[in-house]
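Enquirer: Here is what each chain is made of, one letter per residue.
There are 4 protein chains.
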Amino acid sequence: MKKIPVGILGATGSVGQRFIELIANHPWFEITALAASDRSTGKSYREAVNWLMPTPLPPAIGRMQLQPCVANLPCAWVFSALDSSVAGAIEGDFAKAGYIVHSNASSHRMHPEVPLLVPEVNGEHLELLKRQSFGKGKIIANPNCSVIGLVLALKPLLDAFGIEAINVVTMQAISGAGYPGVASLDIIDNVIPLIKGEEEKIESEPYKILGRYVSGRIEPSTFKISAQCNRVPVNDGHMECVSVKLRNKAPAKDLIAAWRNFSSIPQHLNLPTAPLHPSHYHEEDNFPQPKLHRQLDKGMAVSIGRLRECALFDYKFTILSHNTIRGAAGGALLNAELMARQGDYGCH
Amino acid sequence: MKKIPVGILGATGSVGQRFIELIANHPWFEITALAASDRSTGKSYREAVNWLMPTPLPPAIGRMQLQPCVANLPCAWVFSALDSSVAGAIEGDFAKAGYIVHSNASSHRMHPEVPLLVPEVNGEHLELLKRQSFGKGKIIANPNCSVIGLVLALKPLLDAFGIEAINVVTMQAISGAGYPGVASLDIIDNVIPLIKGEEEKIESEPYKILGRYVSGRIEPSTFKISAQCNRVPVNDGHMECVSVKLRNKAPAKDLIAAWRNFSSIPQHLNLPTAPLHPSHYHEEDNFPQPKLHRQLDKGMAVSIGRLRECALFDYKFTILSHNTIRGAAGGALLNAELMARQGDYGCH
Amino acid sequence: MKKIPVGILGATGSVGQRFIELIANHPWFEITALAASDRSTGKSYREAVNWLMPTPLPPAIGRMQLQPCVANLPCAWVFSALDSSVAGAIEGDFAKAGYIVHSNASSHRMHPEVPLLVPEVNGEHLELLKRQSFGKGKIIANPNCSVIGLVLALKPLLDAFGIEAINVVTMQAISGAGYPGVASLDIIDNVIPLIKGEEEKIESEPYKILGRYVSGRIEPSTFKISAQCNRVPVNDGHMECVSVKLRNKAPAKDLIAAWRNFSSIPQHLNLPTAPLHPSHYHEEDNFPQPKLHRQLDKGMAVSIGRLRECALFDYKFTILSHNTIRGAAGGALLNAELMARQGDYGCH
Amino acid sequence: MKKIPVGILGATGSVGQRFIELIANHPWFEITALAASDRSTGKSYREAVNWLMPTPLPPAIGRMQLQPCVANLPCAWVFSALDSSVAGAIEGDFAKAGYIVHSNASSHRMHPEVPLLVPEVNGEHLELLKRQSFGKGKIIANPNCSVIGLVLALKPLLDAFGIEAINVVTMQAISGAGYPGVASLDIIDNVIPLIKGEEEKIESEPYKILGRYVSGRIEPSTFKISAQCNRVPVNDGHMECVSVKLRNKAPAKDLIAAWRNFSSIPQHLNLPTAPLHPSHYHEEDNFPQPKLHRQLDKGMAVSIGRLRECALFDYKFTILSHNTIRGAAGGALLNAELMARQGDYGCH
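Protein chains in written order, with my numbering: chain A, 1 to 348; chain B, 1 to 348; chain C, 1 to 348; chain D, 1 to 348.
So here's chain A without its partners, still in its complex pose:
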């Protein structure tokens, strides 16, 4: 089988680096183009990048020359790790020019024709592509890094019990802010109770992701949601303290069973990047923890723990997911694998 040639937009940033790490030896995709801002154009990737991944930079990638982010790259699909300030226009250009764009930026997430995809949760939303009208190409969006873990934990509860209300307080890793991102003077021995735009994303994206595809459009979910977001001195892994009110309250053991039995399209299709179990419930009362569980199932699973009754809602619990793997590059890659496997949805 011939590999699909792919390009990475914003290749030098921290999500761009994760894309490279995850795709470098991928069975279905081959990196044939790397693009970055003008400042880096023309340099070799090795010269331009401050490589921060724990695995060494693959030498062949290091020798590739960085190209500008314009829609004539030698590839068919692109993974976009662009900053949202520029992603909207550039990704639109690529779609217009016929590329399949897997975007990690927020620009197109709430566009009614763009699937906001988490394959275990709403694979059927890919149907939106059939009517998508950006041009010959397509845009598929990856949700916000905090949202992906959240909807993976909520989906089994929504299906089994229904959900009325969700309260979320996050403790988010510094890698979520990109590189250089958070200044060390701001975060060592500190917590910052603001991540710009993050609460708004958590309070909007789940409605679409957990909504239903009905005759060409997404009918949003109807629960209520409120979020408070904090930055903590952790390298990777977003923690979220969640409280939920269910439509039909059930015993705690049923919620745990719902998480443990959760398995969906990527697992059934055995996609290369799919976690074996997308949602993992931990019995230990001090789990999950970023340092111990962010790498669970290749960093693609959400860890859940501390389920207990709540005086205000029905239940409260804690979740953890790897923000630059499941929450960014790994999530977008799984989206691409689903598309590659399921066929073209009208793509050329």
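Everything labelled a hint here was simulated from the structure, so no lab data went into it.
Keep in mind that the hints are not guaranteed to be accurate.
No copy labels: a pair is met if it fits in one copy or bridges any two.
What the hints assert, rightly or not - Only pairs whose alpha carbons sit at most 25 Å apart, straight line, appear in this in silico DSS-like list of lysine-lysine:
id, residue 1, residue 2
1, K249, K224
2, K249, K96
3, K201, K245
4, K253, K196
5, K43, K196
6, K96, K43
7, K224, K245
8, K249, K3
9, K224, K196
10, K43, K224
11, K136, K96
12, K245, K43
13, K253, K3
Since chain A is already given, all that's left is putting chains B, C and D on it; use the hints.
Expert: Showing chains B, C and D alone in chain A's frame:
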């Protein structure tokens, strides 16, 4: 005016050290006894302690000999920084023997005859002492470190608008676990979603503290409260993400005014350790932060910020207080100052 | 080929955990016994351990029952991760009883009959075993965690240019102190300029390791060495700033070539845990760094960088090695692989 | 006595903030001008600054308007916290225009007419000002932040025993890199073995500072020095592992006595910012530590500990000083106090 001779129980621990730092030059109290576990008895304080305060150990204190925690210390009042596993019995012995005991332990907090005191919030609860029956002495309890900041922020809202429900998610500093406390391998680059017994304290103590003294007993408050507690890699300062439902919703500016105008007995009496303003609202949208605000007003004020509307409750906001100053030694010291100023409540 | 049954002494500690992680799927060894202090005896491993490794605890290991550290374990070889305060006597008992003991403790390191082994550096020291007289078994010692990285970096220089003097200043990770080890209050936002006994080990062990085996004994090296040791807030990976005076000064490029060409017995024998290249020189002027390079070559290689001339010595440079992999469990495992491959040295 | 009106150049950066914190209530100086880069010009200081000091921003300072860094500020003296890339030209302009410039930048440090001043060490170097020819004003330079602590520790040894050679390995705080400075992704759980230009400064500035003023010029010292510099995850306080070879070796107790008895011009003149004891020797074998001792004597003293014999040099020991107080703003302020007290050196 002659100073009251005081002793410190559990003098070598981290709260014990804070007591010494705060009382060493106090205008009303004089440290005349230091007591610790048998292991340290007989040593000089300097030999026995691993001094971790930012100010140098006062040489005269360093030369004092550590005594056992038995009720024959050469002092009239004691400040107890004992671990809860032993505090109950020892503090009872001291009260029986006639000492005024200012306790930072949890042992007697919920005892119906013991005031659970935050001077700005419930100074009138000292009336309980008149009927307290431990012996010739008295026990006054300091609330849990997370609770003190919380009730200081809630009291102005309760008085002005009434409160129906409170949701709290904490991000707590390592100094709250004492010394050696949290292992560095457990917390660097990590968050731990469990602090044993902490959620139970936050879900019970505020009912008593914010309750009303009515004819010899405390009538508890009637709101609902739910808490989730986390340990984060911060040295000092507990952060809390709070959501509240008020009985009478009011505009945000009225809540801010309630906090800014809050002033109570310790301020009116000009107690030495009282903060000028017990609750401080910050306009900056990324405040409060532990590193920047824990020392505010000598570490005795609660910092509040990010007040905004909530889709589930009425409002959400973030608070911060210094857990070993306002939340422990400084809080107990303010309690003692209030008693010293207001007279004896039947104390000998 | 039948696997050698091995036991792990001190299995619940941080080095014990690393042994389990590294040996659980080993092609030549099979874990058949886990032993720990009396406190844990009788519990399942899963109950007793606070598992801190980034990979999940293998379920079969978790179900094993912990046994006391006495010399009747159902295995032939033991890996000792015991604390030095008890290791001397227990390891002696095991050797007397016929076990091959691979020790990570300091107790027997300087014993003249015990090889202080780093397979790339002094594999021929295993000859000492032929005359070793502890009993029917044997004791092989693993050097101190800071020393292993140091001698791996020095060996190519010693062979090519001779060494007259070495100055070392270390910045060591918290995992080197075991668990719970360093209190978080002591090390977050801090450096501790003392690691008890560490400087003495760095100033003695290299003489033996880099010495020559001559007719039944080790003739120590003759350079001079001075060390200063510090603890820094890093999870894993010891950094060392090294200055060396060579016997025969050579151009910097020759030192780099010596490191890059260094390859020794474990590489020639293709031992399972051997790094491909034991010493790796980095060109980037801000390398090596613990976070980026501690995992290099499975955590078994030493990283070297910043070679430059020195006004006092000939050269200065920085090295990094993973203290609980190459510097502890991985190092002892490589020792065991060398023995398993090379035959019995008089072992039964 | 009328206060001297002073301006601060680069007022919004981290050293600029320290200047404000230290000078806001100064008995001799009054802040009458704040200047910053064009980006901030015209804003109020409060709007433009990301205030990171532990004490609140004085409201009157917060209301001051930021001016451009041109030499017509309404003040007589300026404290420069400018980046070295622009400091040279701007400071020269101010000196030409008649201002007394106290610079913390490296631009003029090695200029033969500029005193590189540490008042306890080389107060007599101010004599250089009499011949300085920048214009009607003067430039006085503050050494590098690592150098100030070092020369304060070396000066008593140099005077008493002479010094032949110095080896230094630093572990430096993140605040030394300014704001935003070091990215948190680069330094949490990490050490960076490079600080650009720092080793060169440590290997050159001490020659001048510890040199002798002889008939209008500085005769440099003649010891040898080598430095290795590292960045560690510590907020404030530079640690340095020092090895020294003395001209006349003496017992360790004599070195300690030399440090303890060290007292110099700022102490004799009782300058407002002078530490009581400029060099403090700690007996505890795990001292000094940044977290415990950086604030010693208002952050103006150097802490020294762990003096012990060395196999290569005569002695080794560890020093600590606060890099943004003694090593930057506080040091420059002490320079200014010395000048203000000693008279005009030809200044107008």
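Enquirer: Are the hints correct? Go through all of them and say.
Expert: Hint-by-hint comparison with the structure:
1. K249 x K224: Cα proximity of K249 and K224: in one copy and across copies (16 Å, 19 Å).
2. K249 x K96: For K249 and K96, the Cα distance exceeds 25 Å both inside one copy (47 Å) and across copies (50 Å).
3. K201 x K245: both (20 Å within a copy, 23 Å between copies)
4. K253 x K196: Answer is between: at 22 Å across copies they meet the 25 Å cutoff, but 37 Å inside does not.
5. K43 x K196: between (32 Å within a copy, 23 Å between copies)
6. K96 x K43: Neither. Shortest intra-copy (27 Å) and inter-copy (43 Å) distances fail the 25 Å Cα cut-off.
7. K224 x K245: both (10 Å within a copy, 15 Å between copies)
8. K249 x K3: neither (47 Å within a copy, 53 Å between copies)
9. K224 x K196: within (21 Å within a copy, 31 Å between copies)
10. K43 x K224: neither (48 Å within a copy, 41 Å between copies)
11. K136 x K96: within (6 Å within a copy, 66 Å between copies)
12. K245 x K43: neither (53 Å within a copy, 39 Å between copies)
13. K253 x K3: neither (44 Å within a copy, 42 Å between copies)
Checked against the numbered hints given earlier, the structure breaks hints 2, 6, 8, 10, 12, 13 and satisfies all the rest.
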